[in-house]
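If you want the numbering used here, it's the 1-based position in the sequence shown plus 50.
Read the hints as simulated data drawn from the structure, not as lab findings.
All values derive from a computational prediction rather than experimental measurement.
Take these hints with a grain of salt, some might be off.
Below are the DSBU-like pairs computed for lysine-lysine, each with C-alpha atoms no more than 30 Å apart in a straight line [said to hold, decoys possible]:
#1 Lys254 <-> Lys220
#2 Lys228 <-> Lys254
#3 Lys238 <-> Lys196
#4 Lys238 <-> Lys220
#5 Lys253 <-> Lys228
#6 Lys233 <-> Lys221
#7 Lys233 <-> Lys253
Simulated restraints on C-beta separations [what the hints assert, rightly or not]:
#8 Lys113 <-> Leu92: 35 to 43 Å
#9 Pro97 <-> Leu75: 55 to 63 Å
#10 Gln261 <-> Asn237: 32 to 40 Å
#11 Arg87 <-> Val62: 20 to 28 Å
#12 Lys254 <-> Glu225: 19 to 27 Å
#13 Pro199 <-> Tyr230: 12 to 20 Å
#14 Tyr276 <-> Pro235: 53 to 61 Å
#15 Arg87 <-> Lys113: 54 to 62 Å
#16 Gly56 <-> Pro76: 29 to 37 Å
#17 Pro95 <-> Phe74: 50 to 58 Å
#18 Pro93 <-> Lys113: 32 to 40 Å
For each residue, glycine too, the CB sits at the ideal point set by N, CA and C.
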Amino acid sequence: MLIDDGLKQRVVGAIVLVAIAAIFLPWLFDEKTTYERVSAELPPPPPAIAEPDFVDEARTQAKKELAAINPNPEQAEVVIDEPVLDETTASTAALDTTSVSEKTDDVSSEPNQDTQQVVEQSVAEQPATEVVQQNDIEDKPSLDAKGLPISWTIQVGTFADSNNANSLVKKLQTEGYKAYSQKLPSNKHGVITRVFVGPRFTKKQLQPVVQALHEKWQLDGIIVRYTP
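All chains, please: the whole structure from these sequences, using the hints.
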């Protein structure tokens, strides 16, 4: 196949251009860029503008007037804008302010020592009042289903021989105890006699008596409900 001369020339020209580009392009990219350093001087600052004389005179005159109005600037009052009140509200506020001021003066006029004594006395009396109220509640008798007061007594012994029971009752009564006895039927002994001390409305009232009977008579008393 024959190629015409024009096409051959174009192909040869393209090859030559590619070869030239391959030779010169790397040299162009590898060349270092050079920078030129330029120095410049800053302009001098503008001269300071002096204040006119009338400004100093006005400032001095203002200080003199302020000193004449308020000799002590540190104690100058700060004025705060307050909402405008009508006549009724203003009158009420004035009365409240006067009342609070009078109360404050009365409280501050009293000695601190008297106030402290009143506070200490109130604190000291409060627990005593609570104890008295608690004792009143505990001393009140409880009521049964029929509305009758419930009483309690101390059972100090049970005897098959009534003579022994009566002897113990007399000894306890001699010592000031409210002792008494009750006879009850028994399957083993026929009749037994129990000795009691009491009665009282609450168990708390009998607890010191139980302890005293144990210490002096070695009697282990039991608190039971009182039955006439």
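Against the structure, the hints:
1. At roughly 25 Å between alpha-carbon atoms, Lys254 and Lys220 fall within 30 Å of each other, so this suggested pair holds.
2. Under the criterion of a C-alpha separation no larger than 30 Å, the hint pairing Lys228 with Lys254 is consistent with the structure, at around 17 Å.
3. The straight-line distance between the Cα atoms of Lys238 and Lys196 is roughly 34 Å, outside the 30 Å bound, and the hint therefore fails.
4. Under the criterion of a C-alpha separation no larger than 30 Å, the hint pairing Lys238 with Lys220 is consistent with the structure, at around 26 Å.
5. Between Lys253 and Lys228, the direct Cα distance comes to roughly 16 Å. Compliance with the 30 Å bound is thereby established for this hinted pair.
6. Our distance criterion of 30 Å between C-alpha atoms is met by Lys233 and Lys221, whose separation comes to about 19 Å.
7. Distance restraint check for Lys233 and Lys253: the Cα-Cα separation of roughly 23 Å lies within the 30 Å cut-off, and the hinted pair is therefore satisfied.
8. In this structure the hint that Lys113 and Leu92 lie 35 to 43 Å apart at CB holds, the actual value being about 40 Å.
9. Between Pro97 and Leu75 the beta carbon distance is about 59 Å. The supplied range of 55 to 63 Å therefore holds.
10. At about 34 Å, the CB distance of Gln261 to Asn237 agrees with the hint of 32 to 40 Å.
11. Hint check: Arg87 to Val62, Cβ distance near 48 Å, so the stated range 20 to 28 Å is violated.
12. For the pair Lys254 and Glu225, the supplied restraint of 19 to 27 Å holds, since their beta-carbon distance comes to about 22 Å.
13. The beta-carbon spacing between Pro199 and Tyr230, approximately 18 Å, falls within the hinted interval of 12 to 20 Å.
14. At roughly 19 Å, the beta-carbon separation of Tyr276 and Pro235 lies outside the given 53 to 61 Å, and the hint is violated.
15. Separated by about 56 Å at the C-beta atoms, Arg87 and Lys113 satisfy the suggested range of 54 to 62 Å.
16. At roughly 32 Å, the beta-carbon separation of Gly56 and Pro76 lies within the given 29 to 37 Å, and the hint holds.
17. Separated by about 53 Å at the C-beta atoms, Pro95 and Phe74 satisfy the suggested range of 50 to 58 Å.
18. A hinted range of 32 to 40 Å for the beta carbons of Pro93 and Lys113 is consistent with their spacing of about 39 Å.
Hints 3, 11 and 14 from the earlier list are contradicted by this structure; the remaining hints agree with it.
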